[in-house]
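*Asks:* Here the protein sequences line up with chains D and P, keeping their order.
Quick note, the first sequence lines up with residues 1 to 234 if you use the working numbering.
Quick note, the second sequence lines up with residues 1 to 494 if you use the working numbering.
Be a bit skeptical, because a hint or two may be false.
Stated by the list, open to error - DMTMM-like cross-link-like pairs, simulated, lysine to aspartate or glutamate; straight-line CA separation at most 20 angstroms:
no.: 1; chain 1: P; residue 1: Lys164; chain 2: P; residue 2: Glu43
no.: 2; chain 1: D; residue 1: Lys229; chain 2: D; residue 2: Asp196
no.: 3; chain 1: D; residue 1: Lys108; chain 2: P; residue 2: Glu466
no.: 4; chain 1: P; residue 1: Lys338; chain 2: D; residue 2: Glu94
no.: 5; chain 1: P; residue 1: Lys438; chain 2: P; residue 2: Glu452
no.: 6; chain 1: D; residue 1: Lys229; chain 2: P; residue 2: Glu295
no.: 7; chain 1: D; residue 1: Lys78; chain 2: P; residue 2: Glu241
no.: 8; chain 1: D; residue 1: Lys87; chain 2: P; residue 2: Asp397
Hints listed in this document are in silico derivations from the structure and should not be mistaken for laboratory results.
Since the model is a prediction, treat every value here as computed from it, not as a measurement.
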Amino acid sequence: MSEQKERNNKKVFKIMVASVVLCLILSVAVGAALGDRSLSSGSKGSEVKELQQKLTQLGYQLGSADGVYGQKTEDAVKRFQKNRGLKVDGIAGEKTIKELKRLTGESKTSGDKKVGHKETDYKLLARAVYSEGRGEPYIGQVAIAAVVMNRIKSSSFPNTIAGIVYQPKAFSAVDDGQINLEPDETSIKAAREAMDGTDPTHGAIYYFNPDKTKNKFIWSRPQILKIGKHIFAR
Amino acid sequence: MNDEKRKKLDSWLSITFAIALAVSLAWGAYEYQLLQEYKVATENQYKRSFNVLVTSLNGVETSIAKAKVANSPALKALYMGETWKGCSTAVSNLGQLPADELGINYVDTVINQVGDFSKTMTRKVASGEVMTAKELALLNDMHDRIIDVNRATQQLSQQVYSDKLAWVDKPEGLLERMGFNNNNNNDKNNNSGENETVQTAAQGEESEGKEGEGQEEDKAKQEEQKKPSSSVRSGLNQLSETLQKHPPFDYEGEMDDHYVEKPLGLPKEKIDEKKAISVAKEFLQKVGYKDASPELSGQSQGPMGGFNFKYNDTYMEVTKQGGIVTIYRDQRENNERKLGLEETVGKAKEILKKLGWSSMVITTTQDLGGTFQIDAVLVQGSAKVYPDKLRLIIATDNGQLVGFDSTPYYAFHHSREFNSVLSLEEASAKLDKNFQVKESSMAVIAKIGTQEAYCYEFVGTSYGEEYIVYINATNGAEEKISRVIQTPRGKLLQ
């Protein structure tokens, strides 16, 4: 009887040890989740990588997501905090991570069902804006995005953002590959604003740099206004 | 000894050179093969797009022909719908063909217009209405033009295979220019040399029509013959030129709405620069910049044209006609957020009053962190007038207005008369039975172009999701459905 008990005890002990070991292995394999602790300069690991990926998703460039919280990551966190109206300290604390998670989350129906990311096209539009108009004033970047949106409405062009951006010879930055550069947060903001309907050009479907363009066709279009280096025309 | 040494050196040298030559030859061959592979892959993509273009145009031609004859709403709507779908495929594939330079292409325009018209007609016919004689005549007209486009592209597509027609006129890059690309060179020779008889698309089409038809086509043919098409692109450009000569389609609904030709809401009187400066100053003062000195930075042309001003980090435009502020942006830095949603909306209402906007109601808000993007629309009687829209961007650090856009308001605002024939009960009877209404109100919504509809707006749920359904208050038609989605930035109406 007591022998039986002892054996049982041993069994329980074995199971306990095994499950503790399993737990340890699992926790190492899965890694801690973003938001478990506050991250700052010098932090390392999968949480940092997730933080970096989310920042990049929103357009805060920081080189590659290598899982090391370095200077570039800190700068990106600071820029994010600045734009979001958070305390700018470069530390990814509870508030910062919560805001970051909220912004990178999926869209939901009123019934709380996830339906994926909506309006994903803004990323491509932002690439077009960044590659064509970085260095231009903000309003000039909105204007470039607005030209793409106006082309969608126009009868003379394809009807999607991708169709317009990748139309051969439509944008020089597409032909020379600059379109693949990661856009910054300004160009993303400009792209979203134009997608929401803002159009500082009042209906332009062309723009060009007058110092660099000799194309007769584009000079023949009725001009609307000049913003920064670009003339916008319809 | 010396000789021997030299011989040895020579042989070493020659061996080295031979190896170097062999390596570079192998490398060259490898690169060449790679280039060929890329070229074939790209060519295949182009050919695929072109084939889909030709096939879908062919389908469009057939479905229009059937739509003309169909008498039942079911079939007419089906064929108009097929036309719409075919046009959209055609345009998307046309946009993938290589081009040598940017230009406007009337081939796109014609197909897009046929697509837009058939979309409108699909809806009309499906709702049980009958196409008017004018609309039928237009459909017939469009059919004729689609036949032209169809035949011309078919001709070009044949030449791609039979005459190895190039895609664009200019060589595409350095390698081709250096003679690396034999195929392409052959194409060039074919086109400029032995194949002078290659007909342009337009030529083919015109010359066949010649026998039975009038002199006009003859003339057109002679014109076209001066410039044989040397590539697919130039063929398409010629087709575009031919199409441009036709009068535009006679259709009142706007098919191209990227540009507001006549802003309906701009005040009449014209203002000069001096007056514009004072308007700009007054606006800046109201948003918190006392004694600002805005500088003229440029002017914009067109019906919404105005004077552009700069002041520190701000940019704004005051229209020449009417002297109102259409666009304002303040790019100042954001400080730490102090205001939540409700406080920011409160600030937005305050600034609206300050700027002289009464009877506006806030419809949507988007949380952009440092700012809130807030849209407000006019309320007339009890109806929200969605086309008359203002956008405000409010900073969350101190509630200052940092962005303003009144362009939609002035483009569409006009005096409206509301005649509702249906009662609320009658209108809600038009809703889907599973749709559970939570709220109802009146609204004016935009339709095609500047057309609008006076509607009952029903907010409710179905299948566990929130929707807004608009029922026309005059004729009971279900005008529009918006799906309400919760995005990270706020509510989105899809």
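*Asks:* Hints first: check each against the structure and report whether it holds.
*Replies:* Here is what the structure says about each hint:
| no. | hint | in the structure |
| --- | --- | --- |
| 1 | P:Lys164 with P:Glu43 | holds, 12 angstroms |
| 2 | D:Lys229 with D:Asp196 | violated, 24 angstroms |
| 3 | D:Lys108 with P:Glu466 | holds, 11 angstroms |
| 4 | P:Lys338 with D:Glu94 | holds, 18 angstroms |
| 5 | P:Lys438 with P:Glu452 | violated, 25 angstroms |
| 6 | D:Lys229 with P:Glu295 | holds, 18 angstroms |
| 7 | D:Lys78 with P:Glu241 | violated, 55 angstroms |
| 8 | D:Lys87 with P:Asp397 | holds, 11 angstroms |
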